[in-house]
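K.L.:
Each chain, written out:
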Amino acid sequence: MSKPDPDDKRILEIVPPEGVAIRFRIASLGARFGAQFLDMLLTGVIVGVVIFVLASTALFESEAASVLAVLLTFLLRIPYYILTELVWNGRTPGKRGAGIRVINMYGQRLTPHQIVARNLMKEVEFFTPLSMLSTAQGMSGWGKAVTLVLVFGVAIVPFANRRRQRLGDMIAGTVVVENPRMQLLPDLALSAASEASQQAFAFQPAHLNVYGRFELQTLEDLLRDPQKAGSAAEIRKITSTITRKIAYDGLVRPGEELVFLNAFYRAQREHLEKLRLFGTKREDKFQREESL
Amino acid sequence: MSSDTGQEILGAPSSAEQRDVLRSARFRLEREAHWQRLDLLVARVENAGASALNYHETRDMVAAYRQAMTSLSVARDISLDRALVDYLESLCSRAYLVIYAPQEGVGGLVARLLAHGIPQAVRRSVLPLLAAFAALILGIAVGYHLFSVDQNWYYTFVPGEMADMRTPGASASYLRTTLYDGDPLAGDTLAAFATYLFSHNTQIAILIFALGIFWALPSFVLTFYNGLLLGAFYAMFADKGLGYDVIAWLSIHGVTELSAIVIACAGGARLGFAVLMPGALTRREALRQQGKDAVKLVILAGLMLITAAFIEGVLRQRIFNPEIRLALGWGMGLFWLLWLTLSGRKPRETQGEPAL
Numbered sequence: 001m002s003k004p005d006p007d008d009k010r011i012l013e014i015v016p017p018e019g020v021a022i023r024f025r026i027a028s029l030g031a032r033f034g035a036q037f038l039d040m041l042l043t044g045v046i047v048g049v050v051i052f053v054l055a056s057t058a059l060f061e062s063e064a065a066s067v068l069a070v071l072l073t074f075l076l077r078i079p080y081y082i083l084t085e086l087v088w089n090g091r092t093p094g095k096r097g098a099g100i101r102v103i104n105m106y107g108q109r110l111t112p113h114q115i116v117a118r119n120l121m122k123e124v125e126f127f128t129p130l131s132m133l134s135t136a137q138g139m140s141g142w143g144k145a146v147t148l149v150l151v152f153g154v155a156i157v158p159f160a161n162r163r164r165q166r167l168g169d170m171i172a173g174t175v176v177v178e179n180p181r182m183q184l185l186p187d188l189a190l191s192a193a194s195e196a197s198q199q200a201f202a203f204q205p206a207h208l209n210v211y212g213r214f215e216l217q218t219l220e221d222l223l224r225d226p227q228k229a230g231s232a233a234e235i236r237k238i239t240s241t242i243t244r245k246i247a248y249d250g251l252v253r254p255g256e257e258l259v260f261l262n263a264f265y266r267a268q269r270e271h272l273e274k275l276r277l278f279g280t281k282r283e284d285k286f287q288r289e290e291s292l
Numbered sequence: 001m002s003s004d005t006g007q008e009i010l011g012a013p014s015s016a017e018q019r020d021v022l023r024s025a026r027f028r029l030e031r032e033a034h035w036q037r038l039d040l041l042v043a044r045v046e047n048a049g050a051s052a053l054n055y056h057e058t059r060d061m062v063a064a065y066r067q068a069m070t071s072l073s074v075a076r077d078i079s080l081d082r083a084l085v086d087y088l089e090s091l092c093s094r095a096y097l098v099i100y101a102p103q104e105g106v107g108g109l110v111a112r113l114l115a116h117g118i119p120q121a122v123r124r125s126v127l128p129l130l131a132a133f134a135a136l137i138l139g140i141a142v143g144y145h146l147f148s149v150d151q152n153w154y155y156t157f158v159p160g161e162m163a164d165m166r167t168p169g170a171s172a173s174y175l176r177t178t179l180y181d182g183d184p185l186a187g188d189t190l191a192a193f194a195t196y197l198f199s200h201n202t203q204i205a206i207l208i209f210a211l212g213i214f215w216a217l218p219s220f221v222l223t224f225y226n227g228l229l230l231g232a233f234y235a236m237f238a239d240k241g242l243g244y245d246v247i248a249w250l251s252i253h254g255v256t257e258l259s260a261i262v263i264a265c266a267g268g269a270r271l272g273f274a275v276l277m278p279g280a281l282t283r284r285e286a287l288r289q290q291g292k293d294a295v296k297l298v299i300l301a302g303l304m305l306i307t308a309a310f311i312e313g314v315l316r317q318r319i320f321n322p323e324i325r326l327a328l329g330w331g332m333g334l335f336w337l338l339w340l341t342l343s344g345r346k347p348r349e350t351q352g353e354p355a356l
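Quick note, the sequences are listed as chains A and B, same order. If you're matching positions, the first sequence starts at 1 in the working numbering and goes up one per residue. If you're matching positions, the second sequence starts at 1 in the working numbering and goes up one per residue.
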C-alpha cells in the first residue's frame with residue numbers, strides 16, 4: 001500500500017488527454033511469465049478438449065486428430081491473444097489471473113494495431129525460439145548459431161530496458177503494467193482519535209518547523225496501523241524521539257502517546273499544507289526554508 | 001492555488017465543516033461522494049463491460065472521471081493525506097482504462113484490414129519489396145549457375161529431408177514420377193502433409209521477418225539462400241529435360257509461397273532499416289513507425305502461406321496437367337497483384353508515400 005516514489009524506476013507516468021499525469025506500476029517479468037504460462041495452459045486445454053470431442057465422435061482417426069492438433073494450436077495461438085486483449089482491454093485470461101494488463105504508453109486508448117503488433121511479435125519472440133530450441137538437436141551448425149542468436153537477441157531485450165518492454169511492446173508502443181487497485185482509507189484528521197486529541201495538546205509554530213512531508217506520511221502509516229508498527233514500548237520510543245526533536249515542552253503521560261501522535265499529525269499536516277499553499281514545499285526534515 | 005472557491009461558497013456546510021477542519025480534509029469531504037459514485041460505475045464496467053451502463057450512467061461516468069482528474073491534480077498540490085492521493089491515483093487510472101478502451105468490433109477490423117490496410121501498406125513498401133525480389137532472383141540465378149558448373153553444389157544447398165530422393169544422381173524417369181505422382185504420401189495423409197508444409201514455411205517466413213531487426217541483413221541473406229536452393233533445384237530438373245514440368249510443379253504453389261517469403265523479407269527489412277537508419281527519430285520511435293506497415297506485411301504473408309500450403313498439400317497432389325498447374329499458380333499470383341495494387345485506393349488519393 002505504500003506510495004510509490006515518483007523517482008522509482010518501476011513507475012510509468014502517462015499523460016491522458018485530460019492533461020493530468022497518472023502513474024502505473026510496471027509489471028514484473030515474473031508476473032508476465034506467470035500470465036504467459038496460464039495462457040498457454042488455457043489454449044492447450046482448449047485444443048485438447050476439441051481434439052478429445054472430435055476423437056470420441058469417431059469421425060477422425062488418431063492420425064488426423066494429431067494433424068488437427070498441430071493446426072489448431074497454430075491457428076488458435078495468435079487470434080487467442082489478439083481477441084482476448086481486444087475484447088477485455090489488454091487483458092488475456094492469463095493476465096487477469098496475474099493481475100496485469102497491457103496499456104498504451106502514450107496515454108491514448110489501446111488500438112487494435114498495437115494489440116496485433118505485439119502479439120504477432122510474440123510469435124517471433126517467444127514461440128519460434130521455443131520451437132527452435134526444441135528441435136535444435138537435429139540442426140546443422142548454422143541452424144544452431146541462428147537459434148542461439150535469436151534466443152539471446154529476444155530474451156535480453158526485456159531485461160535491458162527500464163519499462164520491461166519486449167520487442168513487440170516497443171514496436172507497438174505498449175507497456176505491461178499492474179492493475180491499479182486500492183481502497184479509500186478514512187482521513188486521519190477527521191477520525192475520532194483526532195477529534196479527541198485536538199484539545200489535549202497545543203503546538204507552537206516552532207514545533208512544526210522541524211519535519212517535512214516524508215516524516216508526516218511515515219507517521220500517517222504508523223497511525224493507520226499502530227499494531228503493525230510495534231509494541232507499546234516502540235510507540236513510546238517514537239513519541240519521545242519526536243518530543244525531543246521538536247523540543248516539545250508539554251508533558252505526554254504514559255498511555256497517552258497515540259493521542260499525542262494524532263494531535264501532532266493533525267497540527268503538522270495543517271502547517272505543511274498551509275506552507276504548500278504559499279508555495280513552500282518541504283519534502284523532508286533536511287530541507288529548510290526553501291521557497292519553490 | 002486552492003480548490004474552486006465557488007463550490008466552497010455554494011456547498012452547504014456539513015456538520016464536520018462547522019468544526020475546525022483542515023482545508024484538505026474539507027476538500028475531500030465535499031467530493032468524496034462523487035468519487036465513490038465513479039468508483040461504483042467503473043467497478044461495474046470492469047466486471048461486466050461497457051454495455052452494463054445505460055446512456056445516463058455512461059455520461060455521468062465520463063463527467064465524474066473529468067472531475068476526479070481535476071481533484072487529483074488539485075490534491076497533489078494541496079493535500080498531504082497520502083491515503084487520499086493514492087486513492088485518487090488508482091481511481092483515475094482505473095477510470096482512464098475503462099474510458100479509453102478499444103472501440104472496434106472484430107468484424108469491422110478484419111474488413112478494414114483487407115480492404116485498405118494491407119494493400120496500402122504493401123504499396124508503401126515498394127522499395128523493400130523490390131530489394132527482396134532482387135535477392136530472391138539473384139539467389140535463383142546463382143544457384144542455377146553454380147549447379148551448371150558443378151553438380152555437387154546441390155548437396156551443399158539442399159537439406160536432405162527436403163531432397164528426398166531428388167538428387168542429381170536420380171534418373172529422369174524417377175524425377176518425373178516425383179512431379180506427377182501424388183508425392184510419396186498417399187491421399188489419406190494429404191492434410192498431414194499440408195500441415196507440415198504450413199508450419200515449416202511459416203517458421204521460415206517468421207525467421208526471415210524477425211531476423212530483419214538485426215539491420216535487415218539476415219532477411220536478405222535468408223531470402224537469397226531460398227533462391228539459391230530453388231535455382232539448384234530447377235537446374236537439376238532442367239538438366240534432365242524436365243524444366244517446363246518443374247516450373248509448372250513449382251508455380252502452382254510457389255508463386256504464392258515465394259511472394260509470401262518476399263513480403264516477409266520486406267517486412268523484416270523495414271524493421272531493419274528503422275534500426276539502421278532511424279533518421280531524426282530515436283530507434284525505438286522509428287521501429288514503432290515502421291512496425292505499423294511491417295505488421296500488415298506479416299499478416300499478408302501469413303494469409304498467403306495458408307493459401308500456399310493448401311494448394312501445395314491438396315491441389316498439387318490432385319492436379320497433374322502442367323498447363324492447369326501453371327494457370328492456377330500464376331492466376332493466384334495475378335489475383336494477389338490485382339488485390340494489392342487496386343484495393344483501398346481512394347478516388348482523390350495520390351500515389352502512396354515514398355517507401356521509406
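Hints listed in this document are in silico derivations from the structure and should not be mistaken for laboratory results. Remember, it's a predicted structure, so these values are computed and weren't measured experimentally. Glycine is no exception: its CB is placed at the ideal position from the N, C-alpha and C atoms. Mixed in with the good hints there might be a few duds.
What the hints assert, rightly or not - Sample of chain A residues facing chain B (criterion: CB under 10 angstroms; computed from the structure):
(1) K9
(2) I26
(3) R32
(4) Q36
(5) M40
(6) L42
(7) L75
(8) G90
(9) P93
(10) V116
(11) Q268
(12) E270
Said to hold, decoys possible - One side only, chain A facing chain B, incomplete, derived with CB under 10 angstroms:
(13) F74
(14) L76
(15) W88
(16) N104
(17) Q165
(18) V177
(19) P180
(20) Q183
(21) L190
(22) A202
(23) Q217
(24) E273
K.L.:
Indicate, hint by hint, whether the structure satisfies it.
P.N.:
Outcome of the hint check:
Because the smallest distance between the Cβ of K9/A and any Cβ of chain B comes to about 17 angstroms, over 10 angstroms, the interface hint for this residue is violated. This hint is violated: I26/A has a C-beta 13 angstroms from the nearest C-beta of chain B, more than the 10 angstroms allowed. The interface hint given for R32/A is violated, since its Cβ lies 18 angstroms from the closest Cβ of chain B, which is over the 10 angstroms cut-off. At about 18 angstroms, the closest approach between the beta carbon of Q36/A and any beta carbon in chain B exceeds 10 angstroms, and the interface hint on this residue is violated.
Given hint, M40/A at the interface with chain B, is violated; its Cβ is 17 angstroms from that chain's nearest Cβ, farther than 10 angstroms. For L42/A, the shortest C-beta to C-beta distance to chain B is roughly 19 angstroms, which exceeds 10 angstroms, and the interface hint is violated. Hint status for L75/A relative to chain B: holds, with the closest Cβ pair at about 9 angstroms, below 10 angstroms. The beta carbon of G90/A is positioned within 10 angstroms of a beta carbon in chain B (closest approach about 8 angstroms), and the interface hint is therefore held.
Interface hint status for P93/A: violated, as the beta-carbon distance to the closest one in chain B is roughly 15 angstroms, over 10 angstroms. Of the supplied interface hints, the one on V116/A holds, with its beta-carbon coming within about 6 angstroms of a beta-carbon of chain B, less than 10 angstroms. A cut of 10 angstroms between beta carbons decides the hint on Q268/A: the least distance to chain B is about 9 angstroms, and the hint holds. Proximity of E270/A to chain B holds as hinted, the smallest CB-CB distance being about 5 angstroms (cut-off 10 angstroms).
Contact between F74/A and chain B, as hinted, is supported at the beta carbon level, the nearest pair being about 6 angstroms apart and thus within 10 angstroms. A hinted interface residue such as L76/A counts as satisfied when its beta carbon comes closer than 10 angstroms to some beta carbon of chain B; here the least separation is about 13 angstroms, so the hint is violated. This hint holds: W88/A has a C-beta 9 angstroms from the nearest C-beta of chain B, less than the 10 angstroms allowed. Proximity of N104/A to chain B holds as hinted, the smallest CB-CB distance being about 8 angstroms (cut-off 10 angstroms).
The restraint placing Q165/A at the interface with chain B holds, with a minimum CB-CB distance near 9 angstroms, inside the 10 angstroms limit. Using the Cβ-Cβ criterion of 10 angstroms, the hint placing V177/A at the interface with chain B is satisfied: the shortest such distance is roughly 9 angstroms. At about 4 angstroms, the closest approach between the beta carbon of P180/A and any beta carbon in chain B falls short of 10 angstroms, and the interface hint on this residue holds. Using the Cβ-Cβ criterion of 10 angstroms, the hint placing Q183/A at the interface with chain B is satisfied: the shortest such distance is roughly 7 angstroms.
Restraint check, L190/A versus chain B: the minimum CB separation of about 5 angstroms is within 10 angstroms; hint holds. Interface hint status for A202/A: violated, as the beta-carbon distance to the closest one in chain B is roughly 13 angstroms, over 10 angstroms. Taking 10 angstroms as the C-beta contact cut-off toward chain B, the hint placing Q217/A at the interface holds, the least distance being around 5 angstroms. Interface restraint check: E273/A against chain B, minimum CB-CB distance 5 angstroms, threshold 10 angstroms, status holds.
Hint compliance for this structure: hints 1, 2, 3, 4, 5, 6, 9, 14, 22 are not met, and every other hint is.
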